[in-house]
Each structure stands twice: as structure tokens, then as C-alpha cells.
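Residue numbers (our numbering), protein chains in the order written: chain A, 1 to 382; chain B, 383 to 644.
Simulated from the structure, these hints should not be mistaken for lab results. The structure presented is a predicted model; accordingly, all values stated were derived computationally and were not measured. Any given hint might turn out to be false.
As the list claims (entries may be wrong) - Derived DSSO-like pairs: lysine-lysine, alpha-carbon spacing no greater than 27 Å straight-line: (1) A:Lys7 to B:Lys582; (2) B:Lys399 to A:Lys7; (3) A:Lys4 to A:Lys265; (4) A:Lys34 to A:Lys22; (5) A:Lys47 to B:Lys620; (6) B:Lys399 to A:Lys268; (7) B:Lys620 to A:Lys271; (8) A:Lys265 to B:Lys384; (9) A:Lys44 to A:Lys119; (10) A:Lys268 to A:Lys232.
As the list claims (entries may be wrong) - Okay, the calculated beta carbon distance ranges per label pair: (11) A:Thr196 to B:Asp394: 21 to 29 Å; (12) B:Phe541 to A:Gln338: 53 to 61 Å; (13) B:Asp543 to A:Pro26: 48 to 56 Å; (14) B:Thr437 to A:Tyr345: 54 to 62 Å; (15) A:Asp2 to B:Asp394: 23 to 31 Å.
As the list claims (entries may be wrong) - Which residues of chain B face chain A? A partial, calculated answer using Cβ under 10 Å: (16) Ile408; (17) Val412; (18) Pro413; (19) Pro446; (20) Glu454; (21) Asp461; (22) Val547; (23) Lys549; (24) Tyr567; (25) His569; (26) Gly571; (27) Asp575; (28) Lys582; (29) Val583.
Every residue gets a Cβ at the ideal spot worked out from N, C-alpha and C, and that includes glycine.
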Amino acid sequence: MDFKLDKAHQLQQELFRNFAEKEIKPLAKEMDEKEEYSQELLAKMQKYGFFGIPYSREYGGCGSDTLAYTLCMEEVSKVDASTGITISVHTSLCCSCLNNYGTEEQKQKYLRPLIDGSKIGCFGLTETNAGSDVQGAQTVAVKDGEDWLITGSKIFTTNSGFADTCIVFAITDRSVPTAKGLTAFIVDLKKTPGVTVSENIERMGIRAASNCIVSYDNVRVSADRVLGPVGKGFKIAMGALDCGRIGIAAQAVGIAQGALNEAIKYGKERKQFNKPINSFQNTQFKMAEMQTKIDSARLMTWRAALAEDEHEAFGPLAAMAKLLASDVANEVTRFAVQSMGGYGYCREYPVERAMRDAKITEIYEGTSEVMKMVISGSMKLK
Amino acid sequence: MKIVVCIKQVPDTAEVKLDPKTNTLIREGVPSIINHDDKAGLETALQLREQHGGTVTVVCMGPPQADVALREALAMGADEAYLISGREFGGSDTYATATIIGAALKKIGYDLVITGRQAIDGDTAQVGPQIAEQLKIPQVSYAEEIRVEGSYVIVKRQFEDQAHVLKVQMPCLVTALTELAEPRYMHAGGIVDAYQQTIKVLGFEDLKGLLNPEWIGINGSPTNVAKSFTKQAKGEGKILPGLSVDEAVAAIMETLIERHII
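Isolated chain B, as found in the complex (with noise of 0.2 Å):
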């Protein structure tokens, strides 16, 4: 069994500072690390190679310093790892990202792709399935727990009010939650393997003929953000303590008609 996990470097921080003019991410100095969802399909995958043999690779697109996660995927026991970056996939919405991930997964093979839900930066939730869509697999998103049984993965998958077990055959797509699993730390020695193993970068060249240039990068994305900022904090409410019920009631209803509410 091939598992294949796409993981993506994401800033750590509650607090997104955005740059004015062109409404993405400041990256610089903020802390980057692997996208929680994503650390949680990972030490799945890891689980599952545990219990039923195979393989676990990482894939992450992004730039070149998206390194230092792949390396953290591999002191954390992945296989192998793949960096996806390139000049040409620059400026990449989701689609466009998913059709980049598709083609390298044509290239790489796999027979379970997990990935997270959706990444703490974006939280747009739909590379996971998109990738699917792009490699015609069925999938499953909001995994809260995943078995293999034979060429079958058993998801269970979270609705707001309930639960769903789904039994798809490989090869397959699953997005994982973060309660999907807690993720191990690094081992110390497997950091130094980690910076002895080679990570295979793939580039726009690599993939080519799996790739029309028009579907990729600015070009190939058919949303742009035209404009994001930071939302402005609300003030502090008023409290008026020690209120009858009626005197409550008249206090709002002086609000109200003060500000013209009503």
C-alpha cells in the first residue's frame, strides 16, 4: 500500500498579518509549520504502515524553504518526500494547486491520498477534494478515523450532527481532521537521517506533459482575491448589572430606538 499525504507549511500564528497592497500573507518572520489537519492525515498514514506495511510519502507544494516541513515529515518516520515548487505555480488558487498536486500524483503513484481538511491560513477546504476530482478517485472528506480492510478504507466522516462510516475502495482521496490522530513528535535520530535523505523536487519541466501551462499559476486560477484585510476587533460590550426584568427590557428597548434600530 502507497500512502501518499500532501501536507502544506503554514504560518504559525492566530494573528494573519496581510500585506496591504497585495492582499496575501506576510510570511516573513513568522514561524512556519505543518498545517495541523495535515499532521494529524501524516501520523495516520504513519499508523497505518505500522499496522499494515507500505510506504508513506509526503508531497508539499510551496517554495523551496517548504523544505524544513518535509524534513519534519521524515524525522517523524515518512518514507520518502516530494517538494512540488516552481516559478510556474506561483499565484496558484485551489484549483489551479489541485491540478499541479493531480499531475504530480499521476507521476508519484499512490494508492491511499490523505490530506487535511483545510490549512489554518487558507481555510478554504477544497485542494483536498479538488485533487480528487482531478485524479477521478472517490473520496472522503472530514475523517475522524480511518481503517484499511483489504483494497477497502473504512471513513468515518463527521457531519455537524452526526456520523457517516464510508467504505471506499483504493485508490482513494481522504481529507483528514485534526481529532483524526495526535500527532508523534520527531525523533532525534531522525532528524539526522532526515537531512541525509534526498527530497525530490518537482518542477514545472518534471511535469509537463501532465501539465497545460494555461491551468497553472495567476493565469490558470479562475478566482483571485480581490481584496482581503484585517477585521477590525469589536469594543467592549456594556454590562448593566442588577436589572429587573422590566427595567432590562427598557434599557434595551432605549438602546434600540437610540441608534435608530428601531
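Looking at chain A on its own, in the form it has when it is part of the complex (with noise of 0.2 Å):
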């Protein structure tokens, strides 16, 4: 049992970290503000490997595993929950489907450019009256020949707007239920017709994440496009999640440190009744206790992510991660903000935007109340 990070670990936080405050940090409350994603920190994070770091050489990818992916995610997180969450969707949850259940020939033609750098992801799975209950699901994929043509529309597609491959699920067997009719394609939603991707969903937090319904007319897929096998899909959605709580977790813990880190320096400088705020009991016990649960949220999160990179049973682990995690980043971002008073609530200190970033995470890749079910699921209670 080691808690510490090895030299090549150490080494990546320090990318991540210099990365994020050089780059991501000052561009972060103007996207938010813009509702729009920076193109050219897109393509500058593509450059560094920041989309392929889980991944094998092999295909492009950085060689490395699942514990860095979750330093990169903090340490973004830290400064713009926004660029967590496009790093998130493209890696955990588009790239696992095609890594864990791609051919050899669609892991060369769709993973290798998702993960070298030079395309962007997305996954396709929660339909208007389908969220938590993923059963609820009414896309469509019919056979015509040898093709399938899906119809349908999804909602809250992250990266929607600009991604190039997406995992769109459809069920393909209407006789059975949900959960054994469902399968997941592989679609190219800048050439495929009748594919139309909707404005920007306007948010309350993660507001430069792109994220958009998108419709499917008739769209035209060919069968080398079916991803693992047919009937399939619930599993592979399901396992896609499971890898995703991991990186979300990790975003949580990156929004409570960021959070944290901008209070204490701001703790350090404000004074009043002719002290700088830390100098307080009641204040530095607050940071004491802040400190402490993020610690503890990155410490769950760590043993998730070394258990996936083990292969061993990881789900109720990300969700327990997940669950603690985005619970910490809404206590701490509240914190934070309460212990700037007024100045936490305005838009010059980042903190309220790490506020609403940091809901989210109770919500999205399963809401905590699915991280009880998944949770609880695993411990034998019946």
C-alpha cells in the first residue's frame, strides 16, 4: 500500500498543473461567460496528449493509465470544470467503449485518431425521457440491408458541438427489453446526413462544455459501424459509466481544491477587524475541515482509478468516489464562497463559478442517487 505518487506521476501533475494555470486559467471566465469552448486550447491541450492519456502507444495513445488521467482531471478542474468535463466525455466515456469493444480495424480508424489527437468524442446515450432510466430509451436503429438506419434524439451530448466520432446507443430489438435490445454505433456526426446537432443547451454551471441534443433522421450506418455485438449496447454504456465516475470524481476533487486554494489566498489578504481572515480560529478550522474531506474524495478516487488500471471490479468503487466526491465539491465551493462574502459571490472571483460548475457532478454519469443504487447494489443487502 502506497499513497504516494511515483517520479512519472509527479512529473505529469506538474504538466497538468503548469498546463492548466498558464493556458486554461486565463481563459476560463471568458468561455464561461461565451458559452463557448476555445478551439485553440482545444487543439493545444490534443497536442500535449491531454485526449489520449489512458490509452496504448499502440494506438496513439500516451502509454500511461487511469491514475494519471485522474491528476489531468484535477488539475484542470482546478481552474475551468468546463475543460474537465470535454477531457471526461471524449476519454472516459467515447474512447473506452471503442478501446474495450472496438475490432482491431475500428480501433485503427476511430480510436487511433480520437486518442493521437486529432479527433474529438462524444457518447450519445440519455434521451429526453430517458436519464436515470436508460430503459426509457426510444432511438431506433432498423436494419435496410446490410446498414441500419437510427432515429431518434439525444440529449445533453457533451462535445456535441464541435466532436467529430460519437457512440450513439439505439435499440435494435423492440421484443426484448431495454436493457438486452440495445446497441451502440459508431457515428461520424460532421458527414453523416441526417444527423443535426442543436444550438448550445444553456446552463447553470460547466457552461463552456459544449452540450446539445442531437437529432438522427434515417441516419445511414454501415455495419462495420455496429460497435461490439448487437444487443449489446446497455453493457457497453454501463461499463462506459463506470470508467467516466473515475474522471468526474476526479473533476470533483479538482473544483473543491481550485475552490479552496482561491479562498486561502484570498483568506491570506483580506483583513478584517484589523486581521487577515485565516488569522481566525473559526476560519482556519473551516480550511482544516474543507482540506480534509477533499483529501479524503482524492484518496477514493486514487483507489478507483488503480483498481481499473489492476483490472479488478471497479464500478462500486467510482461510484463511491463519485458519490463523496461531488457531495465534497458542493460543500467546499459553498464554502469557499461564504468565506469571501460578498466578493465570493461576484463574478471577478472564480469561486462562483466553481460553485455552479461543482453541481453538476451530483448529476451527470449517474446522479448520487445512482451511485446509492450501484453502491448498494454491491453489498449484498437482500
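Quick one: dock chain against chain with the hints and give me the complex.
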């Protein structure tokens, strides 16, 4: 048992931290206000390997691991949670499906450009009437000769405003429950006729991230774009979400640590009653409490990441990490705003954005309630 | 073209603390970085390789912990790395350091050697030029632009109020300014590769035939630090606002007389 990062991971952490401070932080406020992700920044991160961290060199990835990916997620999310989700959906949701279920040919054709930094991926599962209840999905794919025709609409598809490749889940067999009738397809969002991507959905937080409704109107998909066996889509989606939750947990840890760091910095300078507010014991004790909670969430996240890297069952561990970390992110950002008073509430300081951004971590890639379903389901309670 | 870049690992702080007993730098607890000028030199070397082909070798003299500086250079894209390290080398001044690095470079081989202008911890700006002297090759210091044309290097050298453009035949040595190039970041995957590569360590035994033991370490160093200390910060000045010219002159004169300056 070793709680210390090895040298390579330490150097990666340094890279992610420096990059986030110098390249992402100066843009974060403006991107949030404009509700638009900088494509130059995206290209820069692709160039330095941020979009292929846990994937093998063989397919153009970094040859690193899930732990390194959580370090990246934490560091970028410290300064901008929108960057976190942009990397996470691409890496955990889209690429993991291709990596785990793609044929050799599909990996070469679709995974390689995604992880070598040439293309961006997204993941189309959620529908207006199928959120936590994935089984309520309405999007269908019907056979037409050798091809499939997909029709339906997916909501909250992160990255879809600029993504190239989408893993779309559609019902291919209505005669069985959705869990057995769902199939995954690889769809090229930019070039395929019948695909329509809406404007960005207006949101409370992570406003710089792209998040749209993607509609499919008789979208023709060839048989070689079916990912995994027909009818195994539900399993593929759930596996991807397990991976995704580690990324979201790391994002939540980053949001929390970033906000606490800002509050600490502010509290050293801000004087009330003739003293810096950090010299009051109440502030110190609250800071201590918050840091302890963040550290516990980080360790839970690393535990889940290491379990995935060692090919152990990590689903419930990822759910626990996300449940805890998302709660901590909300508590810490609320504290950060409170400790900075009126200034914390102002847009001039980044903690109000962090507080808005934190909320989503309790909702997406499985709500906190779904996390409790996953965890309790693994506890042999019945 | 074989480009060799000499880098130094330095403490990342503007406030360097000294050990009052030994008058040397206290390195514990201070994060270490690649010296800025050296990193700009490395970036230029990588760009020259992209334009003209060849290889980039990084060389660092220092304790075993300097390993991380070399890993960083590899993760930025350098091809191979050497750590010059040994107990016999400890306490070397700039002359002895250049003697050791010069010997290592003879062993490694080079067409173009790039060093930083100076290190932020010592600020001597001597090691680069001294290496060139050791190797008996031409040198250009204070480079703010480097181009390669055939077997020549064309360097724009910064002066206080002017710049010189010099054309030098390789093999030669150039010392780089921070302004020379904005260093790239490490590649996330490059870090994984960097830790799978072997860093070759050159100790005294490896350079034995090229080094006289009397030229290195404390004994081989013609200079030694007699005393070094942190300067006392000046107190805040006194500001006298709203005075007429005559009043200001009178006030200044009064202070000068009061302090027995005039």
C-alpha cells in the first residue's frame, strides 16, 4: 500500500498543473461568459496528449493509465471544470467504448485519431425521457439491407458541438427489454447525412462545455460501425459510465481544491477587524475540515483508478468516489463563496463559477441517487 | 547534425537561501526546475531538429536528483540524456565544471553545443564559454536567434544597444538567452516514455582518460566562495509631497547635511 505518486506521475501532475495555470486559467472566465469552448485551447491540449492519456501507444495514446488521467482531470478542473468534462467525455465515455469493444479495424480507424489528438469524441445515451432510467430509450435503429438506419434524439450530448465521432445507443430489438435490445453505433457527426446538432443548451454551470441535442433522422450506418455485439449496447454503456465516474470524481476533487485554494489565497490578504481573515480560528478550522474532506475524496478517486488499472472490479469503487467527491465539491465551493463574502459572490473571483460548476457533478454520469443504487447493489443487502 | 544541449537543474525561487556555515545554497525543500536560458536552448535545439533532422542530446551535471530535469527534457522531445555525476566532481567551480563537461562532450560527440547564457542560481555566465575553450571550438554567446545553413550556424547575438549577426562553422558552441524561444510543454505520453528510457550516467571512471583528477572538484577549482550572504533589504524611503522646487532643494540639503554626506 503506497499513497505516494511515483516519479512519472509526479511529473505528469506538474505538467497538467503548469498547463492549467498558464493556458486554461486565463481563458476560463471568458469561456464561461461566452458559453463557448476555445478551439485553440482544445487543439493545444490535443497536441500535448491530454486526450489519450490512459490508452496504449499502439493506437497513438500516451501509454499511461487511469491514475494519470485522474491527475489531469483534477488539475484542469481546479481552474476550469468545463475543460474537465470536455476531456472526460471524450476519454472515459467515447474512447473507452472503442478501446474495450472495438475490433482491430475499428480501433485503427476510429480510436487512433481520437487518442492521437486529431479528433474529438462524444457519447449519445441520454434522451429526454431516458435519464437515470436508461431503459426508457426511444431512439431506434432498423436494419436496411446490410446497413442500419438510426432515428431518434439524444439530449445533453457533451462535446457534440464540435465532436467528430459519437458513440450512439439505439434500440435494435423492441421485443426484449432495453437492457437486451440496445446496440452501440459509431457515428461520424460531421459528415453523416441526417444528423442535426442543436445550439448549446443553456445551463447553470460548466457553461463553456459544448452540450447539445443531437437528432438522428434515418441516419445510415454501415454494419462495420456497429460497436460490440448487436444487443450488447446496455452493457457497453454501463461499462463506459463506470469509467466515466472516476473522471467525474477527479473533476469534483479539482473543483473543490481549486475553490479552496482561492479562498485560502484571499483569506491571507483580506483583513477584517484589523486581521487577515485566515488568522481567525473559525476560518482555520473550516479550512482544515474542507481540506480533510477533499483529501478523502481524492484518495477514494485514486483507489478506484488503481482498481481499474489493475483490471479489478471497480464499478462500486468509482460510484463511491463520485458520490463522495461530488458532495465534497458542493460543500467546499459553498464554503469558499461564504468565506469570501460579497466578493466570493462576484464574478470577478472564480469561486462563484466553481460553485455553479460543482452542482453538475452530483447529476451527470449517474446522479448521486444512482450512485447509491450501484453501491448498495454491491453490498449483498438482500 | 548532432545537437547537444547542456542544462542545469536550479532551485525555483527568487529568494535563494544560503547555508551560513558553508556559504552554499540550501537546496532542500525548494522545487527544482530546468534553468530558463537552458530550456530556451533546448526548445531551439528541438526546432532545429524538426527543420534539419539530426538528434538532440541533453547533458546535465549534478547530483542524482538532477535525473528529473533530464526526464523532463526527454518528455519535451530530446532523443537521449546523460547525467554527469560523481563524488569527485563535487565542489567544482565554473572552470572545473567546464573541464568536466568538456571531457564528457568529447566522449559523447557533437556538432552544435547549446548552453544557457547563465544559471539563475549562480549567475556567472562562465560555464558555456569555458566549455567552448576546453573544446577549442568557436563560440557565440547571448544568442537571441539561431539558424542553421549547411555546416554553418548563423546567430544573432544580443548586445546592449545593438545586435551582431555571426556566421560560425560547426562544431561550435552557442549560449542561449531565455528570449531565444518559448519552451514547449512536456508531452503527457512523452513522460511515460522518458521514464522507460535509460539515462546514461557518466562518472569519474567513465571520463578518466579525458580528465586529470587535479583539475576537478574543490582542489581543481581556482576560485572558491569566501563569503556569501543574503542582502539586507533597504528600508522604505521617505516621501515629501507637495513641495515647491526651492522647498524640495532645501529639504534634500537638510537631510544630506544631517547625515554628514555633505
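ask   = Can the restraint linking A:Lys34 and A:Lys22 be considered satisfied, given a maximum Cα separation of 27 Å?
value = 20 Å, holds
ask   = Holds or violated: B:Lys582 as interface residue toward chain A, Cβ cutoff 10 Å?
value = 18 Å, violated
inquiry  = For B:Lys620 and A:Lys271, compute the direct alpha-carbon distance and say whether it is at most 27 Å.
reply    = Roughly 26 Å between the alpha carbons, so the hint for B:Lys620 and A:Lys271 holds.
Proposed proximity, A:Lys265 with A:Lys4 (alpha carbon, max 27 Å) = Status holds; Cα separation ~26 Å.
query = How about B:Ile408: closest beta carbon in chain A under 10 Å, or not?
reply = 22 Å, violated
request  = Identify whether the interface hint at B:Val547 stands, where standing means a beta carbon of chain A within less than 10 Å of its own.
outcome  = 32 Å, violated
ask   = Holds or violated: is the Cβ of B:Asp461 closer than 10 Å to a Cβ in chain A?
value = This interface hint is violated because 17 Å lies over the 10 Å limit.
ask   = Regarding the hint that B:Glu454 lies at the interface with chain A, is the smallest CB-CB distance below 10 Å?
value = 7 Å, holds
ask   = Is the shortest C-beta separation between B:His569 and chain A less than 10 Å?
value = 5 Å, holds
key: A:Tyr345 and B:Thr437 - C-beta distance against the hinted 54 to 62 Å   = 56 Å, holds
key: A:Lys265 paired with B:Lys384 [C-alpha distance capped at 27 Å]   = This hinted pair is violated, its Cα atoms lying about 47 Å apart.
task = Quickly compare the C-alpha distance for B:Lys399 and A:Lys7 to 27 Å and report which way the hint goes.
result = Holds, because 26 Å separates the two Cα atoms, which is no more than 27 Å.
Hint compliance for this structure: hints 5, 8, 10, 11, 13, 16, 17, 19, 21, 22, 23, 28, 29 are not met, and every other hint is.
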